[in-house]
Structures are given as C-alpha cells and as structure tokens.
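Novice: Here are the chains, one letter per residue:
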Amino acid sequence: MKRLPPPMLWLYRGALVIYPSRLRYAYREQMLQTLRDAYRDRNIRAVHFWFRVYKDLVQSSLTERFKMVRDFVFKAPIAFHTVTLALVLTVLGAAAAITMQQMLRRGANQPQIDMAQWYAGEIGAGENPGNVIPPGYVDLERSLQPFVIFYDEQGKPGPGTGYIEQRVPVPPSGVFDFVRIHGSENVTWQPRPGARIATVVRRVNSKTPGFILAGRSLGPVEYQERLLWRMVMVGWVIVMTLLLGGASLLNRAQRAKPVAA
Amino acid sequence: MLPLSPVVFSILLALAVSEKHGYAIMKEAALPEGGGVVMGPGTLYGSLDRMMRSGLVEETGLTDNERRRYYRITKFGSEVLGAEAARLARVMSSVRRKAVLEGAR
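First to last, the sequence lines map onto chains A and B.
With this note's numbering applied, the first sequence corresponds to residues 178 to 438, in that order.
With this note's numbering applied, the second sequence corresponds to residues 54 to 158, in that order.
The hints are simulated quantities; they were obtained by calculation from the structure and are not laboratory data.
Some hints here could point you the wrong way.
To be verified - Computed beta-carbon distance windows for the label pairs:
id	chain 1	residue 1	chain 2	residue 2	range
1	A	Leu-262	B	Val-148	25 to 33 Å
2	B	Gly-114	A	Gly-191	29 to 37 Å
3	B	Arg-125	A	Tyr-231	24 to 32 Å
4	B	Val-144	A	Arg-199	32 to 40 Å
5	B	Thr-113	A	Gly-412	56 to 64 Å
6	B	Ser-71	A	Pro-184	34 to 42 Å
7	B	Thr-113	A	Gly-191	27 to 35 Å
8	A	Leu-269	B	Gly-114	53 to 61 Å
9	A	Val-194	B	Gly-89	24 to 32 Å
10	B	Ser-131	A	Tyr-202	26 to 34 Å
11	A	Leu-426	B	Pro-85	48 to 56 Å
12	A	Thr-240	B	Gly-114	24 to 32 Å
13	A	Pro-182	B	Lys-128	36 to 44 Å
14	A	Gly-412	B	Ser-131	49 to 57 Å
Predicted model, so just to flag it, every value in this text is computed and none were measured.
Backbone N, C-alpha and C fix where the C-beta goes; we use that ideal spot for every residue, glycine too.
My request is simple: use the sequences and hints to build the entire structure.
Specialist: Here it is, written out as structure tokens:
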C-alpha cells in the first residue's frame, strides 16, 4: 500500500489556492481524501501521477472560473444585457458625435484655406498685396464674415480687411516662425477674450515676401458644436430612459411567468 | 442539457447503480466500460458541484468520515442519463448501419 508523503499533500493543499475559493472551501477535505485514495491505488509511476493531478488542477481551475463567470452572466441576463447595450450605445454615440465635431472643426477652415491659397498665388505671381486684397472692414469681435490680412517678412501688418478695435491684429510671432519653415499653418487664434478665430496662414514667396492670413470667426461653428452636444446629451438621456424602461418591463414580465414544475 | 459532456455522463453512469464517494466515482469513470474518462479531484468536485446545483446528483448525508462523502443520482439525473444513453444508442445504431466500424478494421 502506497502512502501519500505528507510534504506532497501539503504542496497540493497549497496549490489548491488556484482553485475557485467557493469550491475550495466546500470540497478541500474531500479533494485531499480523494488524492490520498488515488495515490494509494495508483498503478502508474509517481511522476506521472503528479503530472496528471496538477494538470487536472490547472485545467479544472480555469474551467470552473470560466463557468462561474458564464453562470453569473446568464443568472442576471436582463441587467447584464442592459448594461452592455447601454455601454455600446454610449461608446457608439460618443464616437459619432466626436466625428461630427471634427468634421465641423475641419469645415470651419475650408473657406480660409481656399482664400489663403488664392491670395498667396496672386501675390506670389507678382501682384501688389494692396491691389489684390480688396478694401473692406470686418470687425473680428462682431462679424462672422471671412477676412484676409497680408503681413510683411517681419510680421508687420499690411493691407487687410480684418480689424479689432479699429486696428489690424497681429498673431504671435511663433506662428510666422513656424510658417517660414513649414509653408502654412492652421491656427485657432484668440486676439481678444471671446473672439476666437479659425485662421490659415500661408507663406508668400515673391518680390514682396511675407505671409497671408485668412480667418473667420469660430462663433457659428462653436454654436453648432454646442447644439450638437446638447442634442447628443438629450438623445442619450432618451435612449437610456427607453432602455431602462424596457429592461424594467421585461424583468417584470419575466417575474410574472409561472415557474415550470 | 443533452448532449452531456463525457465527464458528466461518466459520473452519472458511475452513480447509476449505487451511491459512491469521490474516489470510487473517479475510479469507475476511468474504466473503459465507465467511459474511460481520467480525471483528477479538481475536475471531479467542480463537476459534482454543478451537477448538484442542476439536480442531477445529491449528497446522501452518509459519510465514513468528514473527508469521504457519498453521492447518489437523483430521479431527474436518472432520466437525463437514460435520455443520453438513448441518444448514444441511436448514434451507435447509425454507426452500425453505415458499417463505419467494419470500414475502420
């Protein structure tokens, strides 16, 4: 009769820590007794016996844990599926809203890109900036009209149509430094608190080198963005209310079902 | 519930005739006529726990010491075992009809 060596028993008892705790507390003593019986009766070499025992312990621990998660999920299906659906809808809704916001933001630059390109082309072809840029007066704080300003090589303002407090505004010098190297830049510029402008700055290489800045107030775009997020929030609240209401009705209907004999 | 997993089927089969403790179930399941399912204590007690919760087996309350408890098949467990055996019999009859076994020789 082969007796199980106590160190091996202690080792197995310690290894049971990987077994799910509920099963471990309920069956530990029975498992150890079964192990003693199996060791006593074994007709294979000890090394094979232990390999089989530990392989079974690892496999069954993983299997039981997986089944416990699965049972938990199916025990409360309505709650689980409601939460899952709510999460999925929230993530999809947020992704769609962010995409739309980005499209609005990119769209806000489009007329300025075209304007800056056209004016830079004309001045680059040898035209005088004063002749190309039409006379006009756009108050950056009040008007939603696009405007254009020419700056010389040192960044001093030349002819232009954009004004703030009756003066042509000058962007930070870092913008011109960047454009000197990279050719163009799209910047959100705030010359005054509350006056946010989407600008496109392009390098002009000609006999009158400098920079052309085309801009437009971000007011309409920011208004559309606020409107978008308000609609998203209202939509989200409606969808979540419907989801919770539906889940609650389903739960009530399920509870009212007679229990099968 | 059908088809049963080989482990569940062999445990039910081991308990079909008489109540048994864990090691006796494990030993009988490992025999060729018991299903030839070699399992360790981890698989055995995890399966017994689920089978008790499904009402297929139950503890007898009989124990020769705290460590060795006895299990028996329930009426529902017998019905499930019978249904699975019938399913397997139909499969075997199909195997015979198609002469699969002769072809394998």
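Novice: Mind checking the hinted window 34 to 42 Å against the Cβ distance between B/Ser-71 and A/Pro-184?
Specialist: Once the Cβ atoms are compared, 35 Å apart, the range 34 to 42 Å for A/Pro-184 and B/Ser-71 holds.
Novice: Should the hint that B/Val-144 and A/Arg-199 are 32 to 40 Å apart at their CB atoms be regarded as holding?
Specialist: Distance hint for B/Val-144, A/Arg-199 holds at roughly 36 Å.
Novice: Range first: 25 to 33 Å. Now tell me if the beta carbons of A/Leu-262 and B/Val-148 are that far apart.
Specialist: About 45 Å separates the Cβ atoms of A/Leu-262 and B/Val-148, which means 25 to 33 Å is violated.
Novice: Between A/Val-194 and B/Gly-89, does the C-beta distance stay in 24 to 32 Å?
Specialist: 31 Å, holds
Novice: Taking the CB of B/Arg-125 and the CB of A/Tyr-231, does the distance hold inside 24 to 32 Å?
Specialist: This hint holds: roughly 30 Å between Cβ atoms.
Novice: Is 48 to 56 Å a correct range for the gap between the Cβ atoms of A/Leu-426 and B/Pro-85?
Specialist: 54 Å, holds
Novice: Quick check on a hinted range of 53 to 61 Å for A/Leu-269 and B/Gly-114, using CB atoms only.
Specialist: 54 Å, holds
Novice: Could you tell me whether the CB distance from A/Thr-240 to B/Gly-114 stays inside 24 to 32 Å?
Specialist: The hinted range 24 to 32 Å holds for A/Thr-240 and B/Gly-114, with Cβ atoms some 28 Å apart.
Novice: Per the hint of 27 to 35 Å, is the separation of the Cβ atoms of B/Thr-113 and A/Gly-191 within bounds?
Specialist: 31 Å, holds
Novice: A range of 36 to 44 Å was offered for this pair. Does it hold for the Cβ distance of A/Pro-182 and B/Lys-128?
Specialist: 43 Å, holds
Novice: Holds or violated: 29 to 37 Å for the Cβ distance of B/Gly-114 and A/Gly-191?
Specialist: 30 Å, holds
Novice: Taking 49 to 57 Å as the stated bounds, is the beta-carbon spacing between A/Gly-412 and B/Ser-131 within them?
Specialist: 56 Å, holds
Hint 1 from the list above is the single one not met by this structure.
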